[in-house]
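Colleague: Assemble the complex: chain B is given as a structure, and chain Z must be docked to it using the hints.
Protein chains: 2
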Amino acid sequence: MRSPDCGCSAAAAMTKDEVLIDLIVKEVRSALQAPAARRSAARQATRPASASPTIPLGVSNRHIHLTQKTFHRLFGEGAAFEEMRPLYQPGEFASKHTLAIVGPKLRSIPGVRILGPLRNYDQVEVSLTDAFFLGIDPPVANSGTLNEAAPLTLVGPNGSVYLERCAIVASRHIHMPGADAARLGVRDGDLCKVRVPGAKRTVFENVLVRTNDNWRLQMHLDTDDANAANIREETVVEFLGRM
Amino acid sequence: MRSPDCGCSAAAAMTKDEVLIDLIVKEVRSALQAPAARRSAARQATRPASASPTIPLGVSNRHIHLTQKTFHRLFGEGAAFEEMRPLYQPGEFASKHTLAIVGPKLRSIPGVRILGPLRNYDQVEVSLTDAFFLGIDPPVANSGTLNEAAPLTLVGPNGSVYLERCAIVASRHIHMPGADAARLGVRDGDLCKVRVPGAKRTVFENVLVRTNDNWRLQMHLDTDDANAANIREETVVEFLGRM
Chain B
1 MRSPDCGCSA AAAMTKDEVL IDLIVKEVRS ALQAPAARRS AARQATRPAS ASPTIPLGVS
61 NRHIHLTQKT FHRLFGEGAA FEEMRPLYQP GEFASKHTLA IVGPKLRSIP GVRILGPLRN
121 YDQVEVSLTD AFFLGIDPPV ANSGTLNEAA PLTLVGPNGS VYLERCAIVA SRHIHMPGAD
181 AARLGVRDGD LCKVRVPGAK RTVFENVLVR TNDNWRLQMH LDTDDANAAN IREETVVEFL
241 GRM
Chain Z
244 MRSPDCGCSA AAAMTKDEVL IDLIVKEVRS ALQAPAARRS AARQATRPAS ASPTIPLGVS
304 NRHIHLTQKT FHRLFGEGAA FEEMRPLYQP GEFASKHTLA IVGPKLRSIP GVRILGPLRN
364 YDQVEVSLTD AFFLGIDPPV ANSGTLNEAA PLTLVGPNGS VYLERCAIVA SRHIHMPGAD
424 AARLGVRDGD LCKVRVPGAK RTVFENVLVR TNDNWRLQMH LDTDDANAAN IREETVVEFL
484 GRM
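Order-wise, the sequence lines are chains B and Z. Start counting the first sequence at 1; every next residue gets the next number (my numbering). Start counting the second sequence at 244; every next residue gets the next number (my numbering).
Careful, some of the hints might be misleading.
To be verified - Using C-beta positions, here's what the derived DEER-type ranges look like:
hint : chain 1 : residue 1 : chain 2 : residue 2 : range
1    : Z       : E320      : B       : P56       : 48 to 58 Å
2    : Z       : A422      : B       : A100      : 19 to 29 Å
3    : Z       : A294      : B       : S160      : 46 to 56 Å
4    : Z       : N401      : B       : P56       : 48 to 58 Å
5    : Z       : T310      : B       : F93       : 50 to 60 Å
6    : B       : E92       : Z       : K312      : 52 to 62 Å
7    : Z       : F324      : B       : A79       : 48 to 58 Å
8    : B       : N158      : Z       : N401      : 45 to 55 Å
9    : Z       : R362      : B       : L191      : 25 to 35 Å
10   : Z       : N457      : B       : R119      : 50 to 60 Å
11   : B       : V59       : Z       : F324      : 20 to 30 Å
12   : B       : G111      : Z       : A294      : 41 to 51 Å
13   : Z       : P420      : B       : V59       : 36 to 46 Å
As the list claims (entries may be wrong) - To be clear about the criterion: a stretch of chain B counts as covered by chain Z if any three or more of its residues have a C-beta under 8 Å from a C-beta of chain Z, and this derived list gives those stretches:
hint : segment
14   : 75-87
15   : 109-123
Bear in mind the hints are in silico, worked out from the structure with no lab data behind them. C-beta atoms are modelled at their ideal positions from N, C-alpha and C, and glycine is treated no differently.
Looking at chain B on its own, in the form it has when it is part of the complex (with noise of 0.2 Å):
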């Protein structure tokens, strides 16, 4: 056994696995040396995987985000938009509305909530299992990124719209606010891993960080993802550092 302040000097020509070893060693040492906070964060990564610095789980199911132009197209003229009770993140709700989306296969998915407040674009948020059903195609896209989104009709009680450029399948993100962003050692813009435990124990890799101190700190996960990880209840992922 060796002591980690061991004062031997370096061996002066390393074979792979020393560098290997001296590498991790490196890494394990400046994780102990670290602020106390960053500290406790970096120690949990090393240990099984329950220690890891845990985030709250948000799993998102299919929404729509809408203009206020587009919200009365659907409902008529005079609707209100009314919220029906608040989301995780701070201004963000669900609405007490609900549009059925239809794709090309002619099949439509009902009661697909409407997320507020209204925003200056229109977008539709599904899981690739939605999208094989409706029969689109739509990128793997950050919210508003929409260039090459793909086409699906909406219908409300008041009429409806086909938007050529509106569905798209989420990025797996997290909100942070910044101290949290400092605490685990990313940025605004950072990919990330993050392990969910359990029977189907899935590691969960190009995650984006978004940070911005008016959120709580929140993973997003869609249906597929949280589906796949065998998700049955509220839970925490694991936060296993930058990719």
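Modeller: For chain Z alone, coordinates are given in the frame of chain B:
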């Protein structure tokens, strides 16, 4: 810097940090000292994803296995069990026959195909997406392990059966001939990891290795796993070694 073969004597009392570092170094050393095949696989896990060995992927949609007795009950005593097309694994086939499955929400999924040959147990393999739709809570289980399986009603053209323990979410698994298992450094019953690259890059863990020289090398994921990883066409997975 310290050489991994540093000969310093152990500190009599190690701190928690030192114990942690020691454990990690032991793990790394043990991996590096493993037999050649396994060592190679372990090393590859540290390389870029694209250099890992690959395994053809088969995506399993919901399907049914039946006993001869149950088949005759649902299709009639005189019915012949007929092949529609062969599957990738030698001797296995999609039959011409489908059933509707109905759960406690009294919602039905029609057209669920029976795979052949007939077996000595009745089993319905569903995704968790299907399970939520049907209103059942099936375990994640290996094929044939039905002691905790969920109930479903199966409806055929000649009758129906209520099976109290039939529905499972099948564990992720890889069919491996012995030679492939040896090449990849794993044995029957091992749990391993695979990665699907792409926009929704995903590492599937707890993947069961099943070896049989009559099989062809193939990974099986269900539709939730495949859709979570954004698999839209035939592909291969990257083998990342044992867990």
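Colleague: Taking 8 Å as the Cβ threshold, is the statement that the segment 75-87 of chain B is covered by chain Z upheld or broken by the three-residue rule?
Modeller: Result for this restraint: violated, n = 0.
Colleague: Are Z:N401 and B:P56 spaced within 48 to 58 Å by their CB atoms?
Modeller: holds, 50 Å
Colleague: So does Z:A422 sit 19 to 29 Å from B:A100, Cβ to Cβ?
Modeller: Hint violated: Cβ distance 53 Å, outside 19 to 29 Å.
Colleague: Has the segment 109-123 of chain B got at least three residues whose CB is nearer than 8 Å to a CB belonging to chain Z?
Modeller: violated (count 0)
Colleague: Does the Cβ pair Z:T310, B:F93 satisfy 50 to 60 Å?
Modeller: holds, 52 Å
Colleague: Falls inside 41 to 51 Å, the C-beta gap from B:G111 to Z:A294?
Modeller: holds, 46 Å
Colleague: Do the Cβ positions of Z:R362 and B:L191 conform to the proposed distance bound of 25 to 35 Å?
Modeller: violated, 44 Å
Colleague: Confirm or reject the claim that Z:E320 and B:P56 have a C-beta distance inside 48 to 58 Å.
Modeller: holds, 56 Å
Colleague: Note whether the CB distance of Z:F324 and B:A79 lies within 48 to 58 Å or breaks it.
Modeller: holds, 57 Å
Colleague: If I claimed the Cβ atoms of B:E92 and Z:K312 lie 52 to 62 Å apart, would that claim hold in this structure?
Modeller: holds, 55 Å
Colleague: Could you check the hint for me, namely that Z:A294 and B:S160 are 46 to 56 Å apart, CB to CB?
Modeller: About 50 Å separates the Cβ atoms of Z:A294 and B:S160, which means 46 to 56 Å holds.
Colleague: Can you let me know if the beta-carbon spacing of Z:P420 and B:V59 is within 36 to 46 Å?
Modeller: This hint holds: roughly 38 Å between Cβ atoms.
Taken one by one, the earlier hints fail for this structure at numbers 2, 9, 11, 14 and 15, listed in ascending order.
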